[in-house]
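Chains as they are written, first to last, in my numbering: chain A, 80 to 392; chain B, 7 to 335; chain C, 351 to 901.
Please keep in mind that the hints were generated in silico from the structure rather than gathered at the bench.
Check the hints yourself; a few may be wrong.
One-sided excerpt, in silico: chain A residues whose CB lies under 7 angstroms from chain C [unchecked claim]:
(1) D112
(2) R115
(3) V118
(4) I130
(5) H162
(6) R163
(7) T164
(8) G204
(9) T205
(10) P238
(11) L239
(12) A241
(13) I249
(14) V339
(15) N355
Taking CB as the label site, the calculated pair distances span [to be verified]:
(16) B/L70 / C/G739: 46 to 56 angstroms
(17) C/T675 / A/V374: 52 to 62 angstroms
(18) B/G82 / C/L857: 48 to 58 angstroms
(19) A/R209 / B/G82: 25 to 35 angstroms
(20) C/E879 / B/L172: 54 to 64 angstroms
(21) C/E879 / A/R237: 14 to 24 angstroms
(22) B/L70 / C/D721: 30 to 40 angstroms
(23) B/L70 / C/E861: 45 to 55 angstroms
(24) C/E771 / B/I63: 30 to 40 angstroms
(25) A/I93 / C/G764: 49 to 59 angstroms
Beta carbons: idealized from backbone N, C-alpha and C, even for Gly.
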Amino acid sequence: MVAYVLSRLTWAAIVLLVVAVITFVLTFVVPADPVRAMVGMRATAAEVERIRQSMGLDQPLLTQLGGYLLRAAQGDLGHSFHHRTDVLPLILQRFPATLQLAGAGIALALAIGIPLGVLGARRQGTRYDRIGNLLSVALVSIPAFWLGYMLIYIAAFRPLMAWQFDLFPIGGYEPWSLRHLALPALTLSASSAAYYTRLTRSVMLDELRQDYVRTGLAKGLSERRVTWRHAFRNALPSLITQLGLDLGFLLGGVVVIEQVFGWPGIGQLAVNAITNLDVPLIMGTVLFGTFCIVVANLIADVAIAILDPRVAR
Amino acid sequence: MAGPPTSRAPITVPGIGLDLDVEFDHEAEGARTRMWRELRRDPGFWTGAITVLTLVILAAGAGLISPYDPDLAIRGRGLAANGDPLGPTAEFPLGTDRLGRDYLSRLLHGARTSLIVGIGANFVASLLGAAVGGTAAFVGTAHLSFRVGGRRLNVSLPVETFLMRLTDVVLSLPALLLAIALVAVVGPSLLLVLIVIAGLLWTVTARIVYNRVRLLREFEFVVAARALGAPTARILLRHVAPHVASLIVVYATLGIAASVLLEAVLSFLGVGVPPPAASWGTMIAEHAGYFRTDPRLLVLPGVGIMIIVLAFNLLGDALRDALDPRSWK
Amino acid sequence: MRTRNRRTTSAASLTLAFLLAACGGAAPQSPGGTTAPESSTLAAGTLSIGFEGDIFSLDPSQGYDFISWPAERLIFETLIAYGDGTDLVPHLADAMPEVSDDGLVYTFTLRDGVNFVNGDGSVHREMTADDVAFSFNRILNPNLTPAPSPVSGSFFTVIEGAQAVVEGDAEEASGIVVVDERTLEITLAQADPTFLNIIAMPFGSVVPADLAGEDTDAFSEDPVDTGPYTLESRTIGEEAVFVRHDHYWGETPPTDRIEFRFGVDGNTAAQQVEANQLDIMGDPVPAGVVNSLRESYPDRLVVVNQVAVHYLTMDTSDPEGGPLTDVLVRQAFNHAIDKENIVQLLRRGVVAHCVYPTELPGHNPDCAPYDYDPERARELMEEAGFGEGFATTVYTDPSEDSTAVVQAIQQDLGEIGVEVEIVAQEFDVLLGTVSVPHEAPLVYIGWFQDFPDPSDFYDPILSCAAAVEGGFNTGWWCNEDADALAAEAKAEPNAERRLEMYQELELMVMEEAPWVPLLFPAIDTFISERVQSFEPHPVWFVDLAKYPVTD
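Could you build the full structure based on these sequences and the hints that come with them?
Here it is, written out as structure tokens:
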């Protein structure tokens, strides 16, 4: 087991390194000039060059990459061009917001998706199952930003204006506030919930077809017990694997929701960094995002190894 | 992360949700006929197939059917006096958009763009993914032997490990961010959006194909073919490919929905297909602010996307059920 | 200054006709006088304003946008400022300066009892003339980090010896002389009637010599200043809170707390203001809801005409030749574009036939050389030899309004055979792109007044001096005769004659058509019911210190 964890850790570090290099190279290939974007107004060519030199941005790619990695290892992720403040503190300051949003979104998605999926599997082929499928598909195909605007309007704005019900805030963020978290998390979870419903259903269907299920039922175990304590437990590793794989895509969903709700998270920070050619911040957010995905996958891998020790061989 | 794949690791297409774990009963007689019969009896298959066909026809014929040029803002008559878009009228059956362009025409042409993005991206992703996954699983570690100037050189290339690790790295990237970065670097265009989406989805196909081919590798018919000395490529193409092909088709159909939505998100963030091109994603994105005053502008393309997703999902589900002997009735 | 077309929240004039007439003179002299600080019954409370963007910098040498300036103006002050209109009044100076007969030497006496106040509200020390001199030299300093002031090479270089500082040959401008603790003498290199307007810009704010170093980011985080508010807290990308303090030399402002909120999406902000959860929407109201809000809340939607112009520049001097270098083609473009349609799309604003906005002194209502005439446009294209058309590219920012406008332009130019590709870049990146000569053939951009004088609508954007790398003359147009006229007009002491000359200049420019002027924009500002009175300022647009709120 220890060896397994260690090998996973090594691999995680390698992934981070590779991503750092890829992103760094990408920022070099940008056709527009980030230094110009930073000082664009009234800067003569000479001034731009001077600033470029003073920031060490005129050195060759490898030198800059090396310097960046060295500093990054010591915790210095540079200074944002656009926000005019240090990158790492800026990211860390906004991390809790994204963490709350993503966490709540996933939790909600799983809380809705898994029970519904298991139910769907057990009632496969019935009218309920079909309707459930249709609903899942419908939810999955609504673009998140649209759903977000609709939820704000219907659940926050109209109750307030029509009946003075201050149910949910109209966008905005307060740390650890369920009221503020509710609508954004709901929006985030909408498509994921549908997705996990279908996933759970599929996985459970496979499990429920196994012989041991029939044996268990024949032996007199209750359907509920067989479903949850046996079939579901066996299905869990697959679900967790998938969860880990999806994190990269999930982070994308967060971006849009942060914009619509004015949620001060990392997603928005990252997108703005890219469109503003804020190179240090691009590097910082991408690295940080990858770091989170990698860590989450590590946890998922360990969890699976615990559940299914064969994996760790 | 790539852990050792078990035969029951489900692989799903993000956003849709499906797994496929098939024990393919190759020896069964008339398997293919059986499959087709199951398919024929499935109402989901027909609904999905017919809808897809209708959509494709509408999209292909958009140029003929559209009453107006979708990119043409009709000056004077296209907008209300106060600048707002028009609702449905006799002149414009589905109203106009924020620039005064006929919405029906835009929706039809948008279908075309969305389908091109969806189908195109998935086609490329599937090919790429299948190539990577299949090669990784089938070749394993390649042992090559050369003669160089009198000496014999033995080289072992860890093809499998390398390819699957590559897949892992790509999967670990914050997908959307990299997509935006790429578009920002190169400049938005339909082709780029297609490439970007394909570049993200291929990993999914790669993983599926990898798992499947690993299993098949051990099957008797493959072992037999190898024993008989058939070249690797031939084995891959004639024996393995057919099994995997149907698998890929299933996932590709489901990935289409994900692609269309991804395109909508990219447009919303400002890095989608450049104007004035009509795509359902762009249309939703540019009218986001009208959700209170003129929801038609959002609902119509939104429903369009829902129909595409539903149709391809039904199709995919039907294919999946047909391929799995255990679900045959 | 450059406008972000989306965020045209800028000082604008809700001016009535009489103000227009009164503004005829460029000479900014006004009866001076000290105002005794008056304590009034204070309506306490918090005023909130929301933006999608963020403050760029609170350091007065850096901020040059519609979010930074309103924030800076809460805490920093200038020697001369605008009263309630466009007239200049002494502010940190205790009277209007004495000007020598040749217009070159300005002598300022400073007000007594002005304190620099720390962020926590405690007093740092009193302001002296040394601080003022330091502040002006700082604008010129090429070593400011992360970048020198955006106006270091312009405006303030009218001071004698300033150029030497900008080029790094001197530490201080020879024309800035501290006479004594309360007296400052500034000598100009040439007479410039707009000099007082220049130092009335936030760039002319007074900063403490001992605390404002070359690290502008550090000073922005911890500003020490003379204004009625202090920065209580700032979370980048989220909010900035300013609170009133007790040591202000002047009239106490009515609101004791002003909150800036950032990262607020436009559609969401509109709902927040409607529900009175946000007091002022700093960005323009999104096109989708403008008309319905105008109907439902006619008194809460303040339409403000901006002293600004949105225009399309064309690369007039492309070294590779090209159709845009031909004046006939440019005139064709002017005839081909349907400006009424653009105004209709934006739902606000006024068609621009020439350069100077309606409220700018020097505006010529008779200047209208090119009307919408696609037939004529095609004739001109034929004449120029481009009857077959050509392909080109337009650059702009990705906002909702800008993309609508360029698509309309794209269609109009398509009618005369010109195929236009659209490239949208985030505003800062766009500025970087268009400041490289001949990089962008067509640019859709805006210019907003820095101060109410026509020279501001020629020198920074149409002069030869601005047609260099880093300049804003994005059409790269250089006409020696026009420049000569502009220089003459600038120095002309007679106010009426001066305006006449600027109008001549405008006609000269329009003949060569380096631009297609499109519209003079307006914005709708949406305010909540809590705001008791909201008067947009003709120069600054929002004067946040002046709006009381009910709780």
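Evaluation of the provided hints:
| no. | hint | in the structure |
| --- | --- | --- |
| 1 | D112 | 6 angstroms, holds |
| 2 | R115 | 3 angstroms, holds |
| 3 | V118 | 4 angstroms, holds |
| 4 | I130 | 6 angstroms, holds |
| 5 | H162 | 5 angstroms, holds |
| 6 | R163 | 5 angstroms, holds |
| 7 | T164 | 5 angstroms, holds |
| 8 | G204 | 43 angstroms, violated |
| 9 | T205 | 41 angstroms, violated |
| 10 | P238 | 10 angstroms, violated |
| 11 | L239 | 5 angstroms, holds |
| 12 | A241 | 11 angstroms, violated |
| 13 | I249 | 5 angstroms, holds |
| 14 | V339 | 6 angstroms, holds |
| 15 | N355 | 5 angstroms, holds |
| 16 | B/L70 / C/G739: 46 to 56 angstroms | 27 angstroms, violated |
| 17 | C/T675 / A/V374: 52 to 62 angstroms | 58 angstroms, holds |
| 18 | B/G82 / C/L857: 48 to 58 angstroms | 31 angstroms, violated |
| 19 | A/R209 / B/G82: 25 to 35 angstroms | 49 angstroms, violated |
| 20 | C/E879 / B/L172: 54 to 64 angstroms | 59 angstroms, holds |
| 21 | C/E879 / A/R237: 14 to 24 angstroms | 18 angstroms, holds |
| 22 | B/L70 / C/D721: 30 to 40 angstroms | 38 angstroms, holds |
| 23 | B/L70 / C/E861: 45 to 55 angstroms | 48 angstroms, holds |
| 24 | C/E771 / B/I63: 30 to 40 angstroms | 31 angstroms, holds |
| 25 | A/I93 / C/G764: 49 to 59 angstroms | 52 angstroms, holds |
In terms of the numbered hints stated before, the structure departs from hints 8, 9, 10, 12, 16, 18, 19, listed from lowest to highest.
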